[in-house]
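Chemist: Each chain, written out:
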Amino acid sequence: MSLAAITSAINRRLPWWAGPIAIVTALTLFTFYSLWVVFFQSHAATYQTPEGINYLSPFYSPYIPSPWEWLSPAVFILWIPLGFRATCYYYRKAYYRAFFWDPPACSDDAQRKEPREPESYRGERAAPWIFNNIHRYFFYGSIIIVTFLAIEAVLAMFPVDGGFALPLGALILLINAILLGGYTFGCHSFRHLIGGRLDCYSCFKGGGALRKLYKGVSKLNARHATWAWASLFSVVFADIYLRLVIAQIISDPILFRI
Amino acid sequence: MESSQHRGASPETQKTVRINIYRGDAEGGEFVEYDVPLVEGMVVLDAVLYVQAHISPDLAVRWNCKAAHCGSCGGEVNGRPKLLCKTRVDDYEGEEIRVSPMRAFPLIKDLVTDVSWNYEVARSIPEFKPAEKAPFTMYEEDVERLYEPKRCIECFLCQDVCHVLRSHHKHPAFAGPRFFAKIQSLEMHPMDTGHRTEYLKEGRGGIGFCNITKCCTEVCPEHINITDNSIIPLKERVVGDYYDPAKWLMRKIRGRRNGE
Ligand code: SF4
Ligand code: SF4
Ligand code: FES
Ligand code: FES
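Sequence lines, in order, name chains W and G.
For the first sequence, the positions run 2 to 259 when the numbering used here is used.
For the second sequence, the positions run 491 to 750 when the numbering used here is used.
Everything labelled a hint here was simulated from the structure, so no lab data went into it.
Since the model is a prediction, treat every value here as computed from it, not as a measurement.
Among the hints, a few may not be true.
[Claimed, not checked] Quick list of the computed label-pair ranges, beta carbon to beta carbon: (1) G/606 to W/117: 41 to 49 Å; (2) W/238 to G/622: 40 to 48 Å; (3) W/71 to G/713: 40 to 48 Å; (4) G/606 to W/22: 22 to 30 Å; (5) W/20 to G/631: 16 to 24 Å; (6) W/198 to G/622: 53 to 61 Å; (7) W/211 to G/609: 52 to 60 Å.
[Unchecked claim] Here are some chain G residues pointing at chain W (derived, C-beta under 8 Å): (8) 542; (9) 653; (10) 698; (11) 708.
Glycine included, every Cβ here is placed at the ideal spot set by N, Cα and C.
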């Protein structure tokens, strides 16, 4: 049986509210974790291991030092990825369904649970959801962040005393940057900007190249939800890993060194 | 809900399947239980037609091709929009089967609804405006995106499942997923010069009511990715023409609306 067949068999057996509850749990935990980072983890986020590897948690990158002791440097950064995810077309679907039951699922009995009076439904035509239309601006911001995360991962492979090393932490940061890249560059807004907005590719010079890019983005986009969850987990995982290293609860093994 | 019972004239030895069919009209109705001889590989429409032929000749159902092509046999099985001719009875082994009409449209009788609202919407869409007179030369790479929405068989199952229509009754202000797929095929046509973002945002299209929750994509029997490939690309075009602050500013500076 293929994976798709197994998941669809499981989905058929599960009641309609199983999906929404799983999503509510995951997104709530992630939100609390991020808030905890912002409000209770204000100390410096950079760290040098005994092996001379410099680390920066993905929640703080690019690093902008905070002028106040009590304010976490993550504040200056975190609104971009959080805003990006909050306005992402995939997460919109997920939270409209799971948090607002608008609708909670597609079947008739689920839709009958939709709590709103028919007259008061505005969808994305009015506040607050109309603001989701600025999604592409968060996309622009996210490009910067993903670039820094990739740089950060590569920098962690160059210890201060010279040479090249691959510590586990750098590998985790690299995988995280790749997953976030797959999520960011599969964005629907990017798909639109890179070629979706055009009606004719053969009508101008360079159209063929844009069409190829557009098709590449479309491929990523087809799995956008998977990238969204994978990168959400990887970013939390990377942050927890580095915190454990910083607290010296675990040590960061060097996988190889030259 | 009260339900009455009917037995099919089947011989004792044959296996039967019990299906509950909604019987009624605009005034109201109820599910009625029928026992139908089980035939290997039978679809729900077979069972319904058996009832019509042998038990209750006044049962109303609309169908044509029995091959998932004409789109006329749309209904709901256990509260999920389905083509009755494509839904196998043995998919529901061990479950009760309830067949009902599409709930988003006015009921005429039993399983037949009045879908003419959809034709009104179709007429309201700004039509295809080719840059030159047909026939024209087009290239594969420019039209490949149009094949997917063109697979639509107008069964209106996506319209039926959409909560904007089904639960919120926005029929006068919302075109619905089937027509977003249609509009996408017009908007992305390399020869088309028409503009439909105004229709989508300000007019009858009402695309802002859609909150991209994807039920339409889930039920489409033609597996058209309505939300990802039609609705979201159109929403992005609306953002470009109406919401993007940079573009808005540029338009103000240039003193005219994009493309008008
Ligand atoms: S994605 Fe939009 S059009 Fe499709 S069912 Fe949901 S609200 Fe309706
Ligand atoms: S888009 Fe799919 S579900 Fe909707 S009318 Fe066309 S074929 Fe039917
Ligand atoms: S649509 Fe998900 S990130 Fe843009
Ligand atoms: S009868 Fe034609 S689609 Fe079912």
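Chemist: Evaluate each hint against the coordinates.
Modeler: Cross-check of the supplied hints:
1. Range check, residue 606 of chain G to residue 117 of chain W: Cβ separation about 27 Å, and the 41 to 49 Å hint is violated.
2. The hint said 40 to 48 Å for the Cβ distance between residue 238 of chain W and residue 622 of chain G, and at roughly 56 Å that hint is violated.
3. Restraint check, residue 71 of chain W to residue 713 of chain G: a C-beta distance of roughly 54 Å breaks the suggested window 40 to 48 Å.
4. With their beta carbons about 40 Å apart, residue 606 of chain G and residue 22 of chain W fall outside the hinted range of 22 to 30 Å.
5. Checked against the hint of 16 to 24 Å, the C-beta distance between residue 20 of chain W and residue 631 of chain G comes to roughly 37 Å, which is inconsistent with it.
6. Taking the beta carbon of each, residue 198 of chain W and residue 622 of chain G are about 22 Å apart, not inside 53 to 61 Å as hinted.
7. In this structure, residue 211 of chain W and residue 609 of chain G break the distance hint of 52 to 60 Å, their C-beta atoms being roughly 37 Å apart.
8. Hint status for residue 542 of chain G relative to chain W: violated, with the closest Cβ pair at about 24 Å, above 8 Å.
9. Because the smallest distance between the Cβ of residue 653 of chain G and any Cβ of chain W comes to about 4 Å, under 8 Å, the interface hint for this residue holds.
10. A hinted interface residue such as residue 698 of chain G counts as satisfied when its beta carbon comes closer than 8 Å to some beta carbon of chain W; here the least separation is about 3 Å, so the hint holds.
11. For the restraint placing residue 708 of chain G at the interface with chain W, the shortest Cβ-Cβ distance is roughly 5 Å, inside the 8 Å limit, so the hint holds.
Hints 1, 2, 3, 4, 5, 6, 7, 8, counting from the list given before, are not met by this structure.
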